[in-house]
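There are 4 protein chains.
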Amino acid sequence: MADYDIVIRGGTVGSSAGTFEADVGITGDTVVALGRNLGAGKRNIDAKGKLVLPGGVDAHAHIEQLSGMGVMGADNFESATGAAALGGTTTVVCFAAQHKGKSLTKVVEDYHVLAKRGAIIDYAMHMILADPNARVLKEELPALVKSGHSSIKLFMTYEHTKVDDEQLLDTLVAARENRALVCVHAENNGMISWMGRRLVERGYRDPRFHGPHHPRLCETEAIYRLAAFSELIDQPVIVYHVSTAEGAKVIREARGRGVKMFAETCTQYLTLTVDDLVKPGLEGAKWVCSPPLRLQSDQEALWHALEIGDLQFVSSDHAPYRFDATGKLRAGPEPSFKEIANGMPGLELRLPLLFDAMVSKGRYGIEQFVEWTATAPARMYGLSPRKGQITIGSDADICIWDPKRRTTISDAGVHDNTGYTPYAGRTIEGWPVTVLRRGEIIADDGKVKASAGSGAFLPRDPGEAAKPTGRLSPEFDETRNFGAKLY
Amino acid sequence: MADYDIVIRGGTVGSSAGTFEADVGITGDTVVALGRNLGAGKRNIDAKGKLVLPGGVDAHAHIEQLSGMGVMGADNFESATGAAALGGTTTVVCFAAQHKGKSLTKVVEDYHVLAKRGAIIDYAMHMILADPNARVLKEELPALVKSGHSSIKLFMTYEHTKVDDEQLLDTLVAARENRALVCVHAENNGMISWMGRRLVERGYRDPRFHGPHHPRLCETEAIYRLAAFSELIDQPVIVYHVSTAEGAKVIREARGRGVKMFAETCTQYLTLTVDDLVKPGLEGAKWVCSPPLRLQSDQEALWHALEIGDLQFVSSDHAPYRFDATGKLRAGPEPSFKEIANGMPGLELRLPLLFDAMVSKGRYGIEQFVEWTATAPARMYGLSPRKGQITIGSDADICIWDPKRRTTISDAGVHDNTGYTPYAGRTIEGWPVTVLRRGEIIADDGKVKASAGSGAFLPRDPGEAAKPTGRLSPEFDETRNFGAKLY
Amino acid sequence: MADYDIVIRGGTVGSSAGTFEADVGITGDTVVALGRNLGAGKRNIDAKGKLVLPGGVDAHAHIEQLSGMGVMGADNFESATGAAALGGTTTVVCFAAQHKGKSLTKVVEDYHVLAKRGAIIDYAMHMILADPNARVLKEELPALVKSGHSSIKLFMTYEHTKVDDEQLLDTLVAARENRALVCVHAENNGMISWMGRRLVERGYRDPRFHGPHHPRLCETEAIYRLAAFSELIDQPVIVYHVSTAEGAKVIREARGRGVKMFAETCTQYLTLTVDDLVKPGLEGAKWVCSPPLRLQSDQEALWHALEIGDLQFVSSDHAPYRFDATGKLRAGPEPSFKEIANGMPGLELRLPLLFDAMVSKGRYGIEQFVEWTATAPARMYGLSPRKGQITIGSDADICIWDPKRRTTISDAGVHDNTGYTPYAGRTIEGWPVTVLRRGEIIADDGKVKASAGSGAFLPRDPGEAAKPTGRLSPEFDETRNFGAKLY
Amino acid sequence: MADYDIVIRGGTVGSSAGTFEADVGITGDTVVALGRNLGAGKRNIDAKGKLVLPGGVDAHAHIEQLSGMGVMGADNFESATGAAALGGTTTVVCFAAQHKGKSLTKVVEDYHVLAKRGAIIDYAMHMILADPNARVLKEELPALVKSGHSSIKLFMTYEHTKVDDEQLLDTLVAARENRALVCVHAENNGMISWMGRRLVERGYRDPRFHGPHHPRLCETEAIYRLAAFSELIDQPVIVYHVSTAEGAKVIREARGRGVKMFAETCTQYLTLTVDDLVKPGLEGAKWVCSPPLRLQSDQEALWHALEIGDLQFVSSDHAPYRFDATGKLRAGPEPSFKEIANGMPGLELRLPLLFDAMVSKGRYGIEQFVEWTATAPARMYGLSPRKGQITIGSDADICIWDPKRRTTISDAGVHDNTGYTPYAGRTIEGWPVTVLRRGEIIADDGKVKASAGSGAFLPRDPGEAAKPTGRLSPEFDETRNFGAKLY
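Residue numbers (this note's numbering), protein chains in the order written: chain A, 32 to 518; chain B, 32 to 518; chain C, 32 to 518; chain D, 32 to 518.
Since the hints were made in silico from the structure, they are not lab data.
Hints may contain errors.
Copies of one chain are not kept apart here, so a pair can be met inside one copy or by any two copies together.
Claimed, not checked - SDA-like mimics (lysine to any residue), calculated; alpha carbons at most 20 Å apart, straight line:
no., residue 1, residue 2
1, Lys392, Arg502
2, Lys137, Lys177
3, Lys498, Gly396
4, Lys169, Arg233
5, Lys498, Trp334
6, Lys169, Arg229
7, Lys392, Gly80
8, Lys193, Gly221
9, Lys177, Lys392
10, Lys280, Ile339
11, Lys498, His335
12, Lys280, His335
13, Lys498, Glu338
14, Lys137, Ile472
15, Lys480, Gly444
16, Lys280, Glu338
17, Lys498, Gly340
18, Lys193, Thr458
19, Lys498, Ala388
20, Lys133, Arg394
Keep in mind it's a predicted model, so treat the numbers as computed, not measured.
Full structure from sequences and hints, please.
Written as structure tokens, this is what we have:
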């Protein structure tokens with residue numbers, strides 16, 4: 032009689048604390064044993080010479096969503112999460128994106144319908160608040176957080192979704208009172224809008240001008256401002272997609288003076304540069320994302336910031352727009368850079384690209400790869416210990432990596448609906464050949480094996496990251512906090 | 032026959048470089064000689080045992096002006112500049128304050144009428160731009176700068192006068208193109224508005240809550256943001272009325288990384304603290320100004336910042352509102368702190384208070400006193416060499432100080448129209464007993480001796496401070512500057 | 032038939048990534064299984080309601096060693112490691128302390144004899160180089176590093192052990208070439224010596240003057256200097272026993288600019304303050320250690336530095352001197368503070384004190400406790416994955432904690448040979464009631480259960496921390512590195 | 032009858048506060064009048080179209096001195112100060128250089144003999160303390176400071192002159208007690224010595240290796256350490272010859288946190304770069320000075336540091352060694368870089384080179400030129416108001432500049448005894464055509480007009496710079512200062 036439903040045998044198991052040789056015993060959804068020579072499994076998977084790593088956690092992906100610029104993404108949940116599964120990602124935190132005037136509750140319900148129908152991997156949801164009015168914050172937010180939507184996303188830029196400083200403060204206090212985390216797209220809207228206007232007025236229209244459109248300073252400024260708000264309210268925040276050395280430095284300084292600020296960067300800021308925007312015609316549009324791609328020296332700074340803990344993890348910011356009139360070029364055949372949809376696909380290739388850059392290239396160990404792509408985002412967002420690590424009781428979300436498999440990336444070879452990949456032509460080493468989600472093989476040798484809708488919603492308590500420092504009194508009562516240095 | 036119209040004999044002349052014994056020979060408006068045993072004057076003034084210092088230059092005073100909160104100041108030009116003269120100030124830079132929708136040219140003309148009618152000391156004008164639209168910036172600004180109004184003031188807060196980030200950028204570029212200087216009231220409007228709303232909602236209404244109303248962080252945030260804008264455009268800026276240690280630090284860091292940022296603080300931030308707001312009833316309203324009074328430790332930090340050059344000079348921010356229904360209490364008998372007019376008088380006592388704090392108390396020398404209250408503001412704002420120093424060819428704006436005269440300040444003893452002074456009860460040492468403006472005695476032994484309208488307008492080229500660093504190309508053409516680290 | 036030698040059943044296992052419910056299966060020395068309902072053990076230990084945590088790794092303890100001041104420690108390996116075991120520490124990194132003129136090889140051999148005879152827990156050795164001459168570095172060091180002594184300790188102060196700047200550079204290069212880690216006691220020797228001389232000359236002799244004897248600045252200065260050396264050579268360093276907020280800040284800044292600098296603090300700097308030195312008579316001598324105890328605000332700064340990763344772990348710096356003529360007072364009955372032996376015991380109580388301060392008081396989670404006291408020091412010093420975590424293949428070094436047991440600390444209740452504890456009188460919550468080392472119970476319910484000499488030497492490859500950044504060429508050839516910004 | 036001995040008519044007088052049109056009236060040694068159309072002079076000098084500027088104050092020049100490396104400088108007082116006069120410098124602060132074991136009093140007396148015999152311009156003396164033992168500090172220093180030698184120079188490097196940390200602290204306290212200023216050559220001796228040894232061992236001997244011989248970090252480290260000592264003792268210091276961007280930044284940070292630290296840079300660090308060392312054969316030896324020449328980016332950083340006040344003035348560090356066996360090459364025909372005498376001539380060309388770089392090139396105004404080359408060094412070193420400005424009562428030390436005269440520098444065209452100039456081949460604009468020292472023309476149209484020995488000693492009270500911050504009690508009694516954050 033079998034002791035386990037599945038035993039993955041003979042592999043090297045990786046965690047953020049190191050690697051070790053062990054079999055992994057799975058029963059039902061769950062890892063129930065790790066050990067040498069575990070007893071029999073109903074199914075036994077040979078992992079000799081392979082790495083057995085936690086499934087990736089991608090904490091930042093736009094799926095089946097209308098963007099802040101009003102463009103519909105190319106993926107639905109099935110296409111997005113199928114591609115994710117093929118690339119080793121078994122958990123995604125996507126968005127329930129409110130637009131102005133909408134009921135947040137309704138928005139969340141609507142996204143649940145979409146996700147439930149299509150998701151192949153497990154999912155949690157950040158709620159995008161484009162309209163954080165008193166009703167939303169007082170009447171809707173508490174129940175939604177309680178039901179497991181414990182993180183809020185705000186935009187400091189984009190015409191249709193941005194919040195102003197007072198709304199940001201209102202939301203931070205509401206998050207504090209409900210113990211939710213706040214994630215922020217931090218770029219100075221005025222600077223972007225002003226620069227875009229000037230560039231177009233002067234006839235600078237092609238995609239390469241998306242770089243100066245979002246000057247480096249728009250990131251540093253917004254992060255600094257956000258840190259000031261976070262400090263005022265004593266509410267932790269996570270900065271999304273840090274792209275510049277200076278941005279990382281502002282975060283470092285804020286953390287140094289006690290602000291509870293966390294941050295991610297994304298695959299593209301570690302592996303692409305602004306030079307990719309310089310292409311004939313509109314081709315560069317494929318590399319238009321916000322913040323824009325930056326310099327080689329920024330890549331170095333961002334790796335260093337991850338190493339010393341100023342940034343904690345790496346997401347994809349998957350934002351898939353086809354290179355046609357439904358997506359990138361929806362504004363007509365000759366759009367200015369301002370009209371090109373912002374974003375690029377990333378769910379599928381995040382892990383393989385980072386494995387190659389980090390592990391195969393010898394720059395970092397398995398520990399950092401697992402930490403930055405799975406363990407840390409799970410911990411930050413309240414998904415631990417179910418997700419992000421292979422440990423007793425955790426969900427059996429496991430990738431079996433062939434560390435030596437070489438893959439040449441091509442537009443034809445990727446599986447989401449975007450129709451192109453910004454990494455076409457690269458050859459990388461290392462691939463997650465078999466992927467399990469809650470004990471079920473969902474991808475194997477390049478094929479999706481699970482059905483749409485088999486992914487499950489992950490209600491979350493807020494992660495450790497959401498805890499205030501306690502410097503201010505819990506109720507944020509101004510008189511109690513009078514003595515604090517803030518006033 | 033006399034060699035000079037006036038000779039001030041036997042005094043110790045002070046400059047920002049030191050002191051020396053010399054007679055001062057004046058002919059007409061002008062200092063024409065400095066020397067030992069100068070020849071005869073038609074009039075000879077004995078200054079033995081006295082200090083002969085340049086008349087004060089107060090670069091920040093609101094006169095006959097409707098405030099950003101919509102309250103009319105208590106002073107007209109005659110009362111304000113008469114009081115200034117009695118306190119040793121012979122030059123003032125006041126404001127031509129545009130309100131939204133108004134022609135800036137008309138606004139400037141109107142203020143000229145008022146100033147011409149009333150001014151007893153010489154005056155220049157900053158133009159407050161509350162509505163920096165394209166017409167104002169393109170059609171009006173160039174001529175106004177050319178006619179000598181070479182500095183622009185912007186507010187980042189106050190409902191009726193604040194500009195947003197794009198307007199700030201528009202104005203910085205316009206200033207750059209016209210070689211004007213930009214001065215900024217830098218506080219984060221959203222933070223103030225949000226905090227004010229919350230405090231009042233919770234019933235915290237009395238004047239002491241003006242402190243938390245403007246949290247310290249609202250200053251640091253806004254200065255940092257301003258520095259980012261200044262760096263983006265390569266346009267120098269002057270930060271008004273720095274009140275916190277952290278604000279001074281942000282300026283220091285900006286200067287250190289090459290941002291051309293200058294700054295003043297004001298008498299009140301060096302000599303009063305937030306404890307002054309804590310008074311029975313509404314009495315604290317007299318000490319309500321913005322930014323609010325801060326801590327003793329901030330005073331120390333601001334002195335230090337002046338010493339090491341992060342701040343360059345000290346102004347009064349004279350903003351006189353009577354403690355009655357015309358001013359401080361115009362919102363009725365029980366206003367919340369939000370409704371109390373912001374500001375306090377300062378033109379008259381700036382020099383005596385600083386002389387006492389700096390020179391009489393032995394903390395600094397005459398050099399710093401002269402530098403921070405006269406030479407530096409004159410230099411920064413393009414008034415040198417006419418104003419701010421006693422040198423050959425400069426205007427004969429001279430104060431004869433009795434360094435030992437002791438004065439106890441009282442509400443009855445001050446001369447503007449405010450009706451009170453926030454310094455009542457202090458005894459200070461040192462007083463400018465005789466004051467000359469362009470060779471004319473305008474104040475002597477506590478009496479104004481010149482007539483309303485005898486002050487003259489001072490058209491200015493922009494000061495040295497207005498020069499960009501040259502890091503970017505002069506025309507701020509985005510393509511030329513593409514290589515700069517800004518993008 | 033039993034599946035395992037031992038099964039610890041029903042406890043909550045803790046790691047630096049979280050906690051989970053699992054049985055722990057041990058065979059021989061090793062953890063071979065983690066799982067739900069593991070099979071039978073020959074011995075089964077009930078851990079219901081208990082925490083099952085990795086044995087502590089104390090990476091900084093002086094055992095059976097003549098100090099830099101020439102005083103023999105009170106403990107031999109048996110007494111020190113027995114006490115350690117009772118407090119839950121199963122691995123210690125002690126010192127092989129060279130004195131000037133001695134063969135390092137001989138020194139290491141001698142310490143091995145002592146350790147082999149007495150050690151109850153496992154041990155690795157740092158080599159203290161008091162005389163890093165060319166012979167030691169070229170002829171002795173390579174073989175010693177190869178045989179598993181992969182870390183070097185240097186003193187920047189103490190008359191008999193300190194190295195000068197050139198010796199420090201020589202040692203850093205030798206460490207780089209042999210891939211060893213360098214740990215440093217970083218205090219400015221001149222400042223200490225000078226201040227000590229002056230204080231005694233002025234008659235300030237009692238123990239409380241040990242504080243000013245080592246001014247705060249002596250730590251910041253030395254850390255900054257060390258960072259400069261580390262940067263020059265591109266050789267990682269670990270700063271020992273950081274005691275001040277400023278020291279932590281210097282480390283943060285160095286890390287931020289790319290210096291590969293790591294750091295520990297010690298139990299006493301997190302739990303005691305300089306006020307403990309102020310006692311009648313010589314009593315304060317018990318709290319004399321170097322660096323000296325600091326302020327409450329330093330404690331806060333050090334916790335924060337641990338949180339944000341500037342410091343990575345907490346050691347004891349166990350340095351046991353009896354409060355009598357053999358130790359603290361060996362210089363006679365009326366020693367000045369300069370003559371009091373520096374150090375305090377800490378091996379036994381490090382874990383219980385930190386558990387209480389961190390976990391019982393609710394300030395941090397089990398994750399941080401395990402990370403800072405076991406996982407991180409093991410990783411930093413090349414003891415992973417054998418030590419510092421409970422994972423498959425790791426040594427079965429395990430503490431079973433009763434998180435609720437309350438203990439009042441007393442001199443009589445501690446077990447090393449020091450004769451006193453600086454924490455007498457405190458009541459703490461949480462205690463490691465049963466302790467296993469390589470699958471053997473070595474302490475149980477306050478009794479040592481293993482024999483002297485049962486501890487094993489742990490040869491080490493250098494940890495991840497010893498890897499240079501690669502900024503300079505591997506061979507540190509000046510011409511190759513000419514282009515680097517260092518010259 | 033003449034009113035004045037000399038009247039300089041019709042020129043543009045310059046000061047650190049600006050320029051003005053005025054005649055300058057001189058009687059005896061002294062400026063007695065400034066004015067329009069001054070009365071008759073016995074002698075009248077036409078300065079129409081010319082600039083009338085204060086004579087330069089060079090606060091750092093080695094004259095007739097045995098260097099720290101044991102080489103005798105090429106100049107005696109006559110040759111050095113004659114050359115200085117021709118270049119517009121009328122005041123020099125040279126050194127009385129103690130060697131180990133010597134009486135400081137005797138040293139000072141000896142230098143007075145030399146200076147009195149040869150000096151053509153006025154001179155003050157810094158005392159170099161190579162042996163600051165108790166006798167020197169207690170018995171000799173007080174009288175020497177009282178007799179006008181109010182500044183002390185210390186070396187942190189150079190075998191024969193360097194002091195260790197304790198000696199540095201002893202000297203800082205002695206300076207504090209005697210109100211003297213301390214100037215420091217701040218480079219880390221160990222780093223230099225170590226690097227020199229390694230380079231030579233590896234066969235890197237030619238002059239270009241003088242760059243890596245003194246790594247950039249040796250400057251930053253030493254300045255940081257010096258700042259720590261200055262802060263500990265609350266004694267101001269002046270850092271000599273800052274050469275790197277990082278060095279300037281360390282100073283900025285020290286000043287920002289309240290350390291009273293001042294600094295100079297030298298002509299060569301603003302106008303030459305390390306590329307000048309790369310010459311065929313030994314030619315590069317001419318450009319060997321310490322600190323070594325650095326990068327173009329350092330020049331920019333140093334100008335910026337002067338602008339924002341982190342550095343206060345520019346000296347020459349005149350250290351003249353002939354390019355022959357008496358000087359640069361005294362160690363034989365094939366010296367390694369370590370044996371090449373460190374230094375270059377600079378007294379004559381400091382002002383013309385800086386005038387050209389600053390004023391003729393349009394980068395700065397006359398104000399900064401005067402401030403950085405005359406007014407500031409005079410003020411810092413207690414020579415104000417006699418020296419460094421043209422004001423009533425000041426010494427009539429005046430240069431009449433032809434701002435348009437173009438000069439091509441050549442070895443043959445310079446006038447000291449060095450035999451070469453590091454600037455040969457440059458063409459510069461602006462030259463001081465006539466130079467007065469205390470009312471006497473000492474140089475005119477390229478000819479020295481005054482006799483050896485006509486220069487006078489300038490006893491000095493310490494400048495403003497020597498005043499402690501007062502943070503600590505005046506007597507530096509450790510118990511009184513116990514509360515300060517230092518301990």
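Going through the hints against the structure:
| no. | hint | verdict |
| --- | --- | --- |
| 1 | Lys392 / Arg502 | between (43 Å within a copy, 16 Å between copies) |
| 2 | Lys137 / Lys177 | within (16 Å within a copy, 59 Å between copies) |
| 3 | Lys498 / Gly396 | between (30 Å within a copy, 12 Å between copies) |
| 4 | Lys169 / Arg233 | between (46 Å within a copy, 16 Å between copies) |
| 5 | Lys498 / Trp334 | between (26 Å within a copy, 16 Å between copies) |
| 6 | Lys169 / Arg229 | between (40 Å within a copy, 15 Å between copies) |
| 7 | Lys392 / Gly80 | within (18 Å within a copy, 45 Å between copies) |
| 8 | Lys193 / Gly221 | both (11 Å within a copy, 14 Å between copies) |
| 9 | Lys177 / Lys392 | neither (43 Å within a copy, 27 Å between copies) |
| 10 | Lys280 / Ile339 | both (11 Å within a copy, 14 Å between copies) |
| 11 | Lys498 / His335 | between (26 Å within a copy, 14 Å between copies) |
| 12 | Lys280 / His335 | both (11 Å within a copy, 18 Å between copies) |
| 13 | Lys498 / Glu338 | between (23 Å within a copy, 13 Å between copies) |
| 14 | Lys137 / Ile472 | neither (33 Å within a copy, 58 Å between copies) |
| 15 | Lys480 / Gly444 | within (17 Å within a copy, 62 Å between copies) |
| 16 | Lys280 / Glu338 | both (13 Å within a copy, 18 Å between copies) |
| 17 | Lys498 / Gly340 | both (18 Å within a copy, 18 Å between copies) |
| 18 | Lys193 / Thr458 | neither (38 Å within a copy, 52 Å between copies) |
| 19 | Lys498 / Ala388 | between (33 Å within a copy, 18 Å between copies) |
| 20 | Lys133 / Arg394 | neither (47 Å within a copy, 40 Å between copies) |
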